[in-house]
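S.K.: Each chain, written out:
There are 2 protein chains.
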Amino acid sequence: MNIILTLKIMGALLLFLGAAMLLPIPFSLYFDDGAAGTFTISALICATLGAALWKGIRSSTEFGTREGFAVVTFGWSFYAVFGSLPFLLSGAIPAPIDAIFETMSGFTTTGSTILTEIESLPESILLWRALTQWLGGMGIIVLSLAILPMLGVGGMQLFRAEAPGPTADRLKPRIQDTAKLLWGVYVLLTAAETVLLMLGGISFYDALCHSFATLATGGFSTKNASVASFDSAYIDWVITFFMFAAGVNFSLHYYALRGRIKDYFRNEEFLFYLALTFGVTAIICVLNQGTVYSSFWDNLRYSAFQTSSILTTTGFGTADYEGWPVLAQYLLVFLMFIGGCAGSTGGGIKVARILLLFKHAHHQLFKLIHPRAIRLVKLGNTPVDRDVMQSILGFFALFMGVFVIASFLMASTGLDLLSASGAVIATLGNIGPGLGSVGPVDNFAHVTDFGKSVLIVCMLMGRLELFTVLVLIFPTFWRK
Amino acid sequence: MNIILTLKIMGALLLFLGAAMLLPIPFSLYFDDGAAGTFTISALICATLGAALWKGIRSSTEFGTREGFAVVTFGWSFYAVFGSLPFLLSGAIPAPIDAIFETMSGFTTTGSTILTEIESLPESILLWRALTQWLGGMGIIVLSLAILPMLGVGGMQLFRAEAPGPTADRLKPRIQDTAKLLWGVYVLLTAAETVLLMLGGISFYDALCHSFATLATGGFSTKNASVASFDSAYIDWVITFFMFAAGVNFSLHYYALRGRIKDYFRNEEFLFYLALTFGVTAIICVLNQGTVYSSFWDNLRYSAFQTSSILTTTGFGTADYEGWPVLAQYLLVFLMFIGGCAGSTGGGIKVARILLLFKHAHHQLFKLIHPRAIRLVKLGNTPVDRDVMQSILGFFALFMGVFVIASFLMASTGLDLLSASGAVIATLGNIGPGLGSVGPVDNFAHVTDFGKSVLIVCMLMGRLELFTVLVLIFPTFWRK
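Here the protein sequences line up with chains Y and Z, keeping their order. The first sequence runs 500 to 979 under the numbering used here. The second sequence runs 500 to 979 under the numbering used here.
Please note: incorrect hints may appear among the correct ones.
Identical copies carry no separate label here, and so any pair may be met within one copy or between two of them.
The calculated SDA-like cross-link candidates involving lysine to any residue, where the alpha carbons are at most 25 Å apart (straight line), are [said to hold, decoys possible]:
{"#": "1", "residue 1": "Lys-866", "residue 2": "Gln-889"}
{"#": "2", "residue 1": "Lys-761", "residue 2": "Thr-780"}
{"#": "3", "residue 1": "Lys-858", "residue 2": "Thr-564"}
{"#": "4", "residue 1": "Lys-866", "residue 2": "Phe-573"}
No wet-lab data here; the hints were simulated from the structure.
Just need the whole structure built from these sequences, with the hints factored in.
M.R.: So, in structure tokens, the structure goes:
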């Protein structure tokens with residue numbers, strides 16, 4: 500592994516991070532919240548170190564698979580550390596472990612928070628918080644649709660430039676071009692949501708922050724009561740729609756913008772995701788009607804919002820689902836494991852993997868009765884290669900393994916069983932709020948420092964599809 | 500599928516069941532508990548129906564894979580229904596659903612009970628209850644080491660007459676011979692435990708019933724307070740030892756009896772199982788020392804007993820582990836999913852499958868760094884065929900799928916989240932006691948009839964390695 504080259508690339512990434520830190524400055528000056536200096540200093544630190552690494556390191560340009568893994572894992576870790584500077588230097592989050600937790604939660608679009616009081620913080624700091632999610636979401640789209648497929652991680656090969664319909668019109672294959680196209684879609688959707696939210700009567704600042712957090716399926720809000728604070732059915736529905744959209748494979752949106760709207764409905768993962776969203780919303784509506792809500796429209800609004808928020812792993816709240824009927828809670832916990840579509844900003848195991856897992860199990864049953872039949876598992880019309888299926892099954896095994904071990908570590912910090920495993924699935928699935936003492940109306944402030952460290956690693960592993968981080972534990976990975 | 504032939508074989512199985520029902524009669528007469536008539540009538544019903552089916556049906560003798568699945572699934576179901584006759588006719592369990600639940604729990608060696616008061620029941624009825632477990636255990640050993648490998652279910656091929664060491668000395672391959680040899684071991688171990696328990700001062704009747712339930716990893720006791728009622732360190736240790744033994748692949752015991760004791764330590768699954776037993780016992784001891792128990796020897800006794808009881812899926816109780824530290828409880832819940840070794844009477848996912856799951860995940864990581872390396876996953880020195888691995892991964896996916904769906908159904912009966920999923924893992928893993936309101940000091944009496952039906956199916960599916968039951972849902976299975 501070429502560590503020198505990896506550090507050089509970290510330099511470039513830090514330069515970009517420094518530039519991003521300039522964005523909150525105009526907001527700071529507008530709101531006169533006193534944090535403009537903090538952002539300037541933070542940006543300077545990042546830029547100086549970044550320039551030193553980028554310019555100072557001479558390295559060969561040989562870039563292989565292993566450097567790919569290192570850049571991704573180190574990149575997200577560097578961003579979590581250096582991105583926390585504004586929180587630390589402004590005094591908004593005094594403890595380094597807390598600041599790194601919050602920043603990792605941002606860049607991994609998780610949305611778990613250690614903040615107990617949000618609204619008293621400077622506006623520009625909250626904008627930065629939302630921006631880390633939005634930037635993280637940008638990273639994820641490119642990671643999942645262009646980088647991980649190249650590295651052969653967890654069956655993501657299936658979704659590389661996945662072109663439903665004729666293959667002649669694939670997404671351009673080179674990473675840079677792919678990135679630009681998908682980011683165009685991402686920016687467009689963010690702008691659309693911002694405008695629609697402003698039409699609902701909320702300020703440009705709040706609209707922008709919430710759009711950042713929605714498209715990234717992140718869930719950081721500028722309000723203590725999250726989206727509930729707007730108390731508006733219109734706002735809720737706009738956000739529900741965009742959460743749903745953010746959970747869809749972004750290459751489908753790209754094709755839709757080019758006029759191929761039907762492609763959505765030719766995509767098996769999307770159809771399953773749609774069915775799941777509608778199905779679970781309907782069941783939860785039935786369960787909540789008359790017990791939690793008396794008005795059907797209120798019920799539909801809250802049930803749909805919470806279903807989308809959990810399934811897409813956004814984590815925005817408009818209702819305390821821990822007060823809902825047990826069966827509704829059970830469904831939400833189940834959704835936490837599934838997550839968004841592959842190639843979306845959503846976390847979790849991913850809809851396509853769950854779908855393929857079912858198909859694999861069904862296939863194994865079929866083979867018992869028809870041992871001589873030759874049939875391949877397919878996703879849509881694409882036969883799934885055996886190697887890809889092995890990789891997906893390996894991902895599932897790793898996910899469960901990490902879940903079990905991390906839950907054990909969290910239980911060792913004194914959390915009860917529900918909170919311990921809830922905290923792990925909330926971070927490993929990049930959801931945000933968990934269950935029990937880290938539930939939707941609580942936060943992660945009371946978790947011990949050791950516990951926070953475990954969850955930081957969970958967020959990183961979950962976001963980078965496990966494999967990317969775990970290959971680093973092999974000694975042979977580090978060999979030259 | 501030849502349903503006629505399947506029914507004919509059901510006839511033979513019912514004849515055997517009828518014969519088994521004669522066994523409690525001498526005990527009934529000795530204790531003068533008034534149930535002798537019940538057993539006679541029950542035996543007559545089984546014998547008459549059995550003879551009618553066996554003698555009355557003319558069928559071709561073509562016996563294929565599909566008939567194999569049908570015989571196994573129907574066989575266990577018939578036993579659960581007709582084996583419940585003594586409970587029903589004696590009035591010990593008046594409701595049919597309860598009686599079938601209890602009997603299914605017996606023949607699947609699960610040990611979940613709907614009885615709230617055990618000691619007031621006739622002795623011969625409790626003996627029958629323990630006997631259903633013992634007979635179920637006999638069935639399981641042959642099923643897992645001779646029948647399922649032939650049917651190609653869930654990777655059990657790996658364990659067919661698994662001969663650690665030179666292959667010339669394999670267990671005799673034909674089902675009947677294999678069965679006789681393994682049953683010899685089973686009977687011998689049961690006899691040994693019975694004698695050792697009697698040396699501890701308990702009656703032949705209690706010793707026999709508890710030995711039946713131990714070797715089957717069933718867990719039905721003749722006492723309300725389970726094994727705790729004997730309040731003897733000696734008894735606890737004897738049962739701990741035999742629970743551990745019952746969780747081992749019985750072909751290893753067979754080789755040991757033929758003098759090849761070292762074979763245990765050449766078997767990777769056994770070594771992992773041993774490490775797990777000692778490791779978890781040690782951790783739980785550390786957690787309980789000073790908090791739950793002040794005496795080290797008491798602590799070791801209770802911690803080792805409960806670890807073995809849960810890992811082997813026996814479910815005997817000497818302590819209410821729900822009062823133990825959260826971390827100890829967490830470990831026990833984790834063990835519930837693992838279960839015993841393949842080819843033992845233990846339930847769960849099975850130690851070997853968990854081991855191979857880890858190895859598969861590790862292998863997938865390794866392949867990312869060394870894409871061109873050719874390496875196979877091995878269990879011990881045996882390379883694991885890709886088809887077998889696919890089947891094991893399919894089993895894992897099915898187990899999780901069934902767990903999720905069944906937990907949802909249980910939550911719909913009004914149980915809380917912990918109790919609902921606890922009830923499912925306790926039955927699907929054939930453990931016995933669950934968590935929450937179906938925990939170690941509670942029982943399943945309060946579950947609704949619908950809930951009991953779901954759990955009956957869970958016990959059946961878990962015991963028959965899922966595949967065997969689930970193939971029946973394919974319409975093509977039933978085609979001639």
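S.K.: All hints are to be evaluated individually against the structure, with a verdict given for each.
M.R.: These are the hints, each one checked on the structure:
Taking the closest pair of Cα atoms, Lys-866 and Gln-889 come within 25 Å of each other both inside a single copy (17 Å) and across two copies (11 Å). Taking the closest pair of Cα atoms, Lys-761 and Thr-780 come within 25 Å of each other only inside a single copy of the chain (24 Å); across copies the shortest separation is 58 Å, beyond that limit. Within a single copy, Lys-858 and Thr-564 get their C-alpha atoms only as close as 30 Å, which misses the 25 Å cut-off; across copies the closest is 22 Å, which meets it. Proximity of Lys-866 and Phe-573 under a CA criterion of 25 Å is satisfied inter-copy only: 21 Å between copies versus 43 Å inside one chain copy.
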